[in-house]
Every structure is written in structure tokens, then in C-alpha cells.
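Asks: Each chain is listed here by its residues.
2 protein chains.
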Amino acid sequence: MSGDLQHEIVRLLDAVGKKAEDPMGGITRLLYTAEWVDSQMKLKDEIEGYGLRAYFDAIGNLYGRLEADASSRTGGETILTGSHVDTVRNGGKYDGMFGIIAGILAIRYLKEKYGKPLRNIEVVSFAEEEGSRFPFVFWGSKNFLGLVKQEEVENVFDHDGISLAVAMHRAGFGFQKENHERRADVKAFVEIHVEQGNVLEREQKKIGIVNSIAGQRRFSVELTGTANHAGTTPMEYRQDTLFAASKMIAGILGNAKLQGRPLVATAGFIEVKPNIVNVVPGNTNFSLDIRHTDSGILKQFSDESVQLIYEIAKECDVAATVDMWMNESPVPMDDKLVACLENVCKKMNLDYKIMHSGAGHDSQLIAKHIPTAMLFVPSKDGISHNPSEFTEPELLTDGVLALVEALYQLAYVK
Amino acid sequence: MSGDLQHEIVRLLDAVGKKAEDPMGGITRLLYTAEWVDSQMKLKDEIEGYGLRAYFDAIGNLYGRLEADASSRTGGETILTGSHVDTVRNGGKYDGMFGIIAGILAIRYLKEKYGKPLRNIEVVSFAEEEGSRFPFVFWGSKNFLGLVKQEEVENVFDHDGISLAVAMHRAGFGFQKENHERRADVKAFVEIHVEQGNVLEREQKKIGIVNSIAGQRRFSVELTGTANHAGTTPMEYRQDTLFAASKMIAGILGNAKLQGRPLVATAGFIEVKPNIVNVVPGNTNFSLDIRHTDSGILKQFSDESVQLIYEIAKECDVAATVDMWMNESPVPMDDKLVACLENVCKKMNLDYKIMHSGAGHDSQLIAKHIPTAMLFVPSKDGISHNPSEFTEPELLTDGVLALVEALYQLAYVK
Numbered sequence: 087m088s089g090d091l092q093h094e095i096v097r098l099l100d101a102v103g104k105k106a107e108d109p110m111g112g113i114t115r116l117l118y119t120a121e122w123v124d125s126q127m128k129l130k131d132e133i134e135g136y137g138l139r140a141y142f143d144a145i146g147n148l149y150g151r152l153e154a155d156a157s158s159r160t161g162g163e164t165i166l167t168g169s170h171v172d173t174v175r176n177g178g179k180y181d182g183m184f185g186i187i188a189g190i191l192a193i194r195y196l197k198e199k200y201g202k203p204l205r206n207i208e209v210v211s212f213a214e215e216e217g218s219r220f221p222f223v224f225w226g227s228k229n230f231l232g233l234v235k236q237e238e239v240e241n242v243f244d245h246d247g248i249s250l251a252v253a254m255h256r257a258g259f260g261f262q263k264e265n266h267e268r269r270a271d272v273k274a275f276v277e278i279h280v281e282q283g284n285v286l287e288r289e290q291k292k293i294g295i296v297n298s299i300a301g302q303r304r305f306s307v308e309l310t311g312t313a314n315h316a317g318t319t320p321m322e323y324r325q326d327t328l329f330a331a332s333k334m335i336a337g338i339l340g341n342a343k344l345q346g347r348p349l350v351a352t353a354g355f356i357e358v359k360p361n362i363v364n365v366v367p368g369n370t371n372f373s374l375d376i377r378h379t380d381s382g383i384l385k386q387f388s389d390e391s392v393q394l395i396y397e398i399a400k401e402c403d404v405a406a407t408v409d410m411w412m413n414e415s416p417v418p419m420d421d422k423l424v425a426c427l428e429n430v431c432k433k434m435n436l437d438y439k440i441m442h443s444g445a446g447h448d449s450q451l452i453a454k455h456i457p458t459a460m461l462f463v464p465s466k467d468g469i470s471h472n473p474s475e476f477t478e479p480e481l482l483t484d485g486v487l488a489l490v491e492a493l494y495q496l497a498y499v500k
Numbered sequence: 087m088s089g090d091l092q093h094e095i096v097r098l099l100d101a102v103g104k105k106a107e108d109p110m111g112g113i114t115r116l117l118y119t120a121e122w123v124d125s126q127m128k129l130k131d132e133i134e135g136y137g138l139r140a141y142f143d144a145i146g147n148l149y150g151r152l153e154a155d156a157s158s159r160t161g162g163e164t165i166l167t168g169s170h171v172d173t174v175r176n177g178g179k180y181d182g183m184f185g186i187i188a189g190i191l192a193i194r195y196l197k198e199k200y201g202k203p204l205r206n207i208e209v210v211s212f213a214e215e216e217g218s219r220f221p222f223v224f225w226g227s228k229n230f231l232g233l234v235k236q237e238e239v240e241n242v243f244d245h246d247g248i249s250l251a252v253a254m255h256r257a258g259f260g261f262q263k264e265n266h267e268r269r270a271d272v273k274a275f276v277e278i279h280v281e282q283g284n285v286l287e288r289e290q291k292k293i294g295i296v297n298s299i300a301g302q303r304r305f306s307v308e309l310t311g312t313a314n315h316a317g318t319t320p321m322e323y324r325q326d327t328l329f330a331a332s333k334m335i336a337g338i339l340g341n342a343k344l345q346g347r348p349l350v351a352t353a354g355f356i357e358v359k360p361n362i363v364n365v366v367p368g369n370t371n372f373s374l375d376i377r378h379t380d381s382g383i384l385k386q387f388s389d390e391s392v393q394l395i396y397e398i399a400k401e402c403d404v405a406a407t408v409d410m411w412m413n414e415s416p417v418p419m420d421d422k423l424v425a426c427l428e429n430v431c432k433k434m435n436l437d438y439k440i441m442h443s444g445a446g447h448d449s450q451l452i453a454k455h456i457p458t459a460m461l462f463v464p465s466k467d468g469i470s471h472n473p474s475e476f477t478e479p480e481l482l483t484d485g486v487l488a489l490v491e492a493l494y495q496l497a498y499v500k
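Those protein sequence lines, which keep their order, are chains F and Z. Position 42 of the first sequence, counting from 1, maps to 128 under this note's numbering, and the rest follow consecutively. Position 365 of the second sequence, counting from 1, maps to 451 under this note's numbering, and the rest follow consecutively.
Just so you know, not all the hints are guaranteed correct.
Not everything, but these chain F residues come out facing chain Z in the computed CB check (under 7 angstroms) [as the list claims (entries may be wrong)]:
1. L231
2. A316
3. G317
4. S332
5. K333
6. L339
7. T352
8. A353
9. G354
10. F355
11. V358
12. G368
13. N369
14. N371
15. R377
16. A445
To be clear, the hints were calculated from the coordinates, so they are not data collected in a lab. Every residue, glycine too, gets a C-beta built ideally from N, C-alpha and C.
Model the full assembly from the supplied sequences, consistent with the hints where possible.
Replies: Have a look at this one:
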């Protein structure tokens with residue numbers, strides 16, 4: 087049956103992504119676009135084709151449901167799986183979509199093999215997670231959780247000036263009712279996703295069990311010095327902002343490397359003015375992204391890094407301003423669910439790794455309200471958000487089978 | 087008379103620069119443009135207005151000449167002063183032009199005070215030094231020295247596709263004759279220029295005597311790593327090119343600071359890809375400019391820097407290529423002329439500083455063929471190649487008076 091399953095995973099990934107293939111490469115499926123509507127409708131058809139009930143909520147999250155046995159005492163409870171349907175621009179076909187397809191196929195597999203469960207099982211295709219069309223993230227899971235109010239997106243527009251509300255209405259959806267409450271029936275959420283990193287591949291593991299999603303702090307650092315002639319200004323008379331920035335980046339990233347996992351620190355963006363070979367840079371801005379699974383360590387390392395920035399700025403005679411514009415706390419996954427996933431992998435003899443997620447996921451919102459855990463399948467070369475995103479079909483299949491077993495434990499076993 | 091002189095310096099700087107004032111700020115007077123022709127013709131008029139003989143050479147270098155006394159045994163010898171007439175785009179009104187105006191006014195001053203000299207005195211307004219219109223530098227002094235062949239500029243075009251030859255012909259000039267030889271009569275060249283740095287100002291000196299022009303080596307460093315997700319890639323699995331570049335720049339510039347004057351090292355340009363806050367930079371290119379007055383030390387420091395680049399690249403698991411695309415040797419000034427200028431400053435009780443030039447000048451070409459030295463006047467805040475370039479009129483006047491005295495020693499004293 088796993089040969090069939092693998093064939094079905096590949097078929098669904100291709101079929102559902104077809105219309106969203108971007109002439110500039112990869113998949114572009116932004117919230118409420120024609121490509122998005124096409125994919126959600128195709129997913130609905132597939133869900134119904136497998137004999138499951140499909141339905142949308144108000145804002146366009148799509149669900150596929152296998153009802154519990156009518157006689158079950160836990161028939162009012164639901165086990166949820168799934169992920170998000172949207173992509174970044176020119177993204178890959180696995181990010182988000184694999185978790186939806188895996189959920190659909192897992193439920194179909196369980197239904198065919200075991201019939202009706204003791205608890206309802208649902209798969210969700212969340213409308214949006216990436217924030218790629220509108221400057222607003224987690225629109226799907228936030229609405230699922232009843233965490234977002236209409237006024238929060240009143241002034242949210244895409245690049246063409248179309249408001250989120252107008253785009254939503256054009257796609258056939260609308261805001262939730264004012265008194266919308268979070269569903270009380272959902273007792274567990276298990277999301278399967280591509281790793282988007284290279285840890286599983288490097289360590290030759292087949293599957294990852296996520297026990298925590300890292301918190302992250304992001305900073306903009308702005309350095310102001312003086313743009314002097316590169317030949318005529320002695321080193322001691324310079325206010326060289328790129329020299330200062332280099333010392334800061336080398337220092338902070340060096341410290342992060344010394345401290346080791348799960349700490350990561352990244353300077354991804356740098357802008358220098360005037361950026362001319364023979365002029366000492368008078369202005370340098372750079373970004374700093376720091377992540378850790380422990381909020382105390384995250385705060386401490388961030389504070390020490392900011393301290394180092396000010397020390398080096400003083401030493402280099404440049405002015406520094408540091409702006410922390412993102413501060414997201416780490417989110418632990420549910421211990422019991424993690425243990426359940428670990429037992430599943432042991433039982434299946436799957437070479438697994440307990441790990442954290444350095445990237446953000448719908449699960450980090452849901453985990454605060456519903457017991458949640460995640461499974462990761464390896465990403466080839468760690469590449470994601472890119473047309474070359476790829477995972478071997480065999481590894482995708484292992485992931486779906488692990489999800490099958492986990493959902494079995496959660497929905498079929500008393 | 088120095089009050090008159092100061093007034094005349096300011097009048098000439100304003101009058102000659104008028105048409106070249108750029109609506110976007112500062113002065114733009116590129117080789118063979120209408121602004122350039124206007125300034126050279128105005129300078130010619132001023133030279134003739136002071137009763138000196140003005141003439142152009144074939145390519146458009148302008149000369150103003152005070153003939154030696156007919157009875158002088160050294161009447162076949164010439165003492166030359168001057169600088170270049172062109173500017174960078176949106177440059178200042180002092181760079182280059184001050185040296186020409188100082189020369190004209192110094193010769194007029196000497197003529198009025200002492201009459202005919204024992205040696206001819208000439209001022210030159212070199213056609214070009216900056217390389218701002220065409221990718222070719224020192225066009226004026228190279229032609230003066232007979233160092234450039236017609237074929238060298240056959241494929242030299244400006245941004246609008248106009249060749250140097252066509253621009254030159256349109257301005258009314260043409261190539262030198264094939265058998266053109268360097269003038270044998272010029273026995274000394276003294277160039278006065280704005281410092282373009284902040285050393286004199288910081289050390290509260292009124293004038294600089296240049297004993298050497300620094301050599302410079304310029305490098306392009308290209309680093310190739312992998313663009314990974316900033317959250318999901320552990321520090322030890324990264325090939326982070328901005329981390330590597332930061333270590334290189336911090337290391338090399340730190341070494342330069344430790345070694346101290348006259349060594350300078352600058353990373354003025356950096357380019358990072360993809361340059362996104364949450365992506366580890368997969369590609370980073372940066373520039374390195376190293377200068378010193380001693381060719382041995384310049385080579386050694388450059389070699390050590392390149393060595394450090396390769397070491398850090400290896401340590402950071404990124405590929406590095408280093409391209410040295412400029413290698414200019416240091417040029418010492420003439421000892422006797424430097425001593426002469428020092429005596430002049432002592433005699434005039436001018437607070438001077440013996441120093442090197444970190445910037446390039448026409449003098450560095452001429453010094454290889456004719457005894458040469460330079461005088462610097464302070465630059466406010468060290469700013470040059472910028473509309474805010476400025477030197478106090480009093481300091482300009484001190485500079486002209488020092489040039490007067492130097493030319494007197496060289497052209498009136500046996």
C-alpha cells in the first residue's frame with residue numbers, strides 16, 4: 087500500500103500545484119488569488135473524492151472530515167492535522183501543501199484500513215501563513231483560533247492597493263461573525279511539514295519530531311560615522327561604520343557559534359553608504375536575527391549582543407541605534423504528543439530526531455490553545471522558499487505513514 | 087598685499103567655477119565638456135589679463151608663462167607649478183582648481199614684486215586627472231610627459247558613447263604629434279592642492295609639505311557560500327559569507343589600525359546576496375584598498391591580508407577569490423625640493439607638517455621624470471569630492487604665499 091501512497095502523494099502535489107506554477111520559477115500561490123482559489127477547490131474535490139466531508143469556514147480555511155463512529159463516547163472530540171495552502175512568491179511545492187496532502191491521504195488510509203474512528207479526524211488547509219501577499223501573517227490559523235478582529239486588517243493592502251477584505255470577498259469569502267468562538271472539540275493538532283533546514287539530511291535522519299518552536303528577536307542596527315577619503319584619512323581619525331559593523335557581526339555571530347545549538351544568529355541584510363571603493367563608509371545599516379528555544383537564553387544573548395554593539399560603536403567612534411522590531415517567544419510542543427510521536431517512530435523503526443523548529447509555523451499559534459506537535463521530513467540541501475525545494479518521494483511517504491500511525495493512536499485508540 | 091591676494095583668490099575661484107556649478111550641487115567640470123572649455127578659456131583670459139603669455143598644447147593643457155630675463159644664463163630652464171582643471175561629478179571648487187589659481191596668482195605676485203626671473207616660470211592647468219568622464223586617468227599630465235599613445239585611448243568612451251578623441255576634437259583640440267617628446271626645460275614641479283583629508287585640521291597645522299605619495303593596491307574579494315534559512319540552519323552547518331567577510335574586514339582593518347600611519351586599509355564597498363533579513367548570505371563581494379608610502383610594507387601588508395582572507399574563508403567553509411586590480415607603487419618626492427619647501431615655511435613662520443599624500447595626484451606621474459614636491463592646504467572636516475569641500479580663505483592665502491616664496495627660491499635665486 088505504501089507504493090500506492092507514494093504515487094498518490096506525487097500525483098496530488100503535481101495536480102494541486104499545477105495552476106500555481108510561476109513562469110518565473112516555482113510555485114506562487116498568494117492568499118485569495120485565482121491560483122489560491124484553484125488549489126483550494128482542487129483540494130476540496132480530492133477530499134470529497136476520497137469520501138470525506140469537505141467544508142470551508144467563513145474566511146476560506148478548508149476542512150476535510152472523517153466522522154467518528156456514532157456510538158463512540160469520544161465522538162464529540164476531533165483530532166486535527168494539516169498545514170497552510172499559500173506559498174511565498176516563487177516558492178516550492180512542498181512548503182505547507184505537503185502537510186495538507188499528507189493529512190488527506192492519512193485520513194483516507196485510516197478510513198480504508200480501520201473504518202470509523204473513535205474521535206473525528208479532520209485535515210485543515212489553512213488559507214494563509216506566509217504573509218507574502220499582505221503584510222499580515224497566520225491569517226488562516228488566527229481565524230481558526232478566533233484570534234483576529236475585523237478592524238485589525240482594515241488597513242491591510244497588497245502591493246496593488248487591494249485590501250485583504252476586498253480580496254477575500256472577491257474569492258467568495260468574508261469575515262467571521264463577531265461572536266465567533268474557538269472550537270472546543272479539537273483535542274490535538276499534528277502538523278507535518280518540510281524541515282526547511284539541513285539538519286535531518288546532514289544527520290541522515292528520516293524524520294524529525296519537533297518538541298519546540300524557537301523564539302526569535304529581530305533587530306535593525308543603524309550606524310552613523312563619517313564618509314572620508316580612503317587615502318587621506320589615517321585609521322585613527324576615521325569613523326568607519328563598515329569596520330564597526332564587521333566587528334559587531336563577527337563578534338555576535340562568533341559568540342553564537344561558540345554557544346551552539348539551538349542558538350542561531352544571522353546578519354542577513356547590510357546596506358552601506360556611499361558604498362564606493364575609495365570612500366570610508368559613513369553609514370551602515372544591518373539586520374540581526376537571533377533565535378533560541380529558551381526565552382531566558384534568547385533574552386540574555388540578545389541583551390549581550392546589543393551591549394556589544396554599543397561597546398564597539400563607542401570604540402569605533404560611530405553612533406549606533408538598535409531597534410528591536412520583532413520579539414516572538416519560543417513555543418514548546420505538547421509533551422504527551424511528542425512522546426506519542428516518538429513511540430510511533432520507534433514502533434515503525436523510523437530513524438528519527440527530536441529537534442526544534444527554527445522557522446515559524448501555524449503550530450506555534452495553535453500550541454498555545456490546543457495540544458500540538460509537529461513532524462518534519464528532510465529538505466534536500468536544506469533549501470526552502472525556492473523553486474528547488476525538494477524532498478525524495480520515499481521520505482514523503484515515510485512522513486505520511488508516521489502521520490497515519492500518530493492519527494491512529496490519537497483517534498482510534500481509547 | 088595679502089589682503090588683495092585673498093580677495094583675488096576668492097574672486098578667481100568663483101569666476102572660473104561659475105558655469106560649472108551643477109544644479110545637483112557642487113561643481114561638475116568633466117574633460118572637454120562646455121563647462122571645461124569655459125573654465126580653460128576664462129583661465130586663459132585671467133593669465134593674459136595679468137600680462138603673462140597663455141598657450142595651449144595639442145590636447146588642451148593650458149599654460150601661463152613668465153619669461154626669464156633675456157640675459158639670464160638659466161633662461162632656458164623652467165620652473166612649473168599648477169594642477170588639474172577637471173572635477174569629479176558634483177565635486178568641490180578647490181580640488182585641482184586651487185592649484186592652478188594659486189600658480190597664476192603666485193606668478194603675477196612675483197612678476198609685480200621682482201620683475202623678470204632667472205628661470206622661466208609656468209603655471210599649468212592640466213586637462214584631466216580624475217577619470218570622471220572617461221575610464222582613463224591623468225590624461226593631462228600623461229600627455230605633458232609624452233607618456234600616452236593615441237591607440238591607448240582608441241576604445242575609450244564616456245557614458246554616452248562619445249569617444250575621447252571625438253570629445254577632444256569637438257573641444258578644439260587633437261592628439262599630439264607622433265614624435266612628441268617630453269620638455270627638457272622643466273627643472274622642477276611644485277603642485278599645491280587641498281589635502282582632501284583631516285590630518286592638518288586635526289593637528290592644527292597651516293600647511294603640509296608632501297614628501298611622498300602613497301602607493302595603493304586595490305582588491306575585489308568574492309565569497310561564495312550557501313544561502314540558507316536563518317532559523318533552521320545551525321551555526322555549524324552554515325556557509326555564511328557575510329560572517330566570513332565581517333571577520334576578514336574586522337581582521338584586516340584592525341591590523342591596519344594597530345600598525346598605524348602611514349598605512350591605511352579601507353573596505354568601502356560591500357554587496358550581499360540575497361540581502362534578506364532571514365536568509366544566511368550565500369554571496370558577498372567586498373573591496374579592499376590598502377595604501378602605504380613604502381612599497382615593501384605595502385606588499386607585505388597586502389600579502390598578509392590576502393593570506394588572512396583565505397584562512398578565514400577556509401575556517402568559515404566558503405570559497406574565496408581575490409583579484410588585485412590596481413597596484414600603484416609609492417612615489418617619493420624630491421628631497422631637495424622638500425627641503426626647499428621646509429625652509430620656506432620656516433622662514434615664513436608657517437606651522438607646517440611634513441606628511442605623505444594618501445590620495446593620487448598629477449605629481450606622482452611627474453615626480454618620476456622631473457624633481458617634484460607638493461604643498462597641501464587644510465580641508466575643512468577632511469571633506470573632498472563633495473559640494474561641501476571648503477578651505478578658509480586665510481589658509482588658501484598662506485598656501486599661495488608659501489608657493490610664491492618657493493617659486494622665488496627656485497626661479498629668482500641662482
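Asks: Hint by hint, say whether it matches the structure.
Replies: Quick rundown of the hints versus the structure:
1. L231: violated (22 angstroms)
2. A316: OK, holds: A316(F) within 7 angstroms of chain Z, min 4 angstroms.
3. G317: Constraint on G317(F) satisfied, holds at 3 angstroms.
4. S332: holds (4 angstroms)
5. K333: Holds, because the Cβ-Cβ distance from K333(F) to chain Z comes to roughly 5 angstroms (cut-off 7 angstroms).
6. L339: Constraint on L339(F) satisfied, holds at 5 angstroms.
7. T352: It holds, given that the least Cβ distance between T352(F) and chain Z is near 4 angstroms, below 7 angstroms.
8. A353: Check passed: Cβ of A353(F) comes within 6 angstroms of chain Z, closer than 7 angstroms.
9. G354: holds (5 angstroms)
10. F355: OK, holds: F355(F) within 7 angstroms of chain Z, min 5 angstroms.
11. V358: Since chain Z brings a Cβ to about 5 angstroms from V358(F), closer than 7 angstroms, the hint holds.
12. G368: violated (10 angstroms)
13. N369: violated (12 angstroms)
14. N371: violated (11 angstroms)
15. R377: holds (5 angstroms)
16. A445: Interface hint status for A445(F): holds (4 angstroms vs cutoff 7 angstroms).
Of the numbered hints stated above, those contradicted by the structure are hints 1, 12, 13, 14, listed in ascending order.
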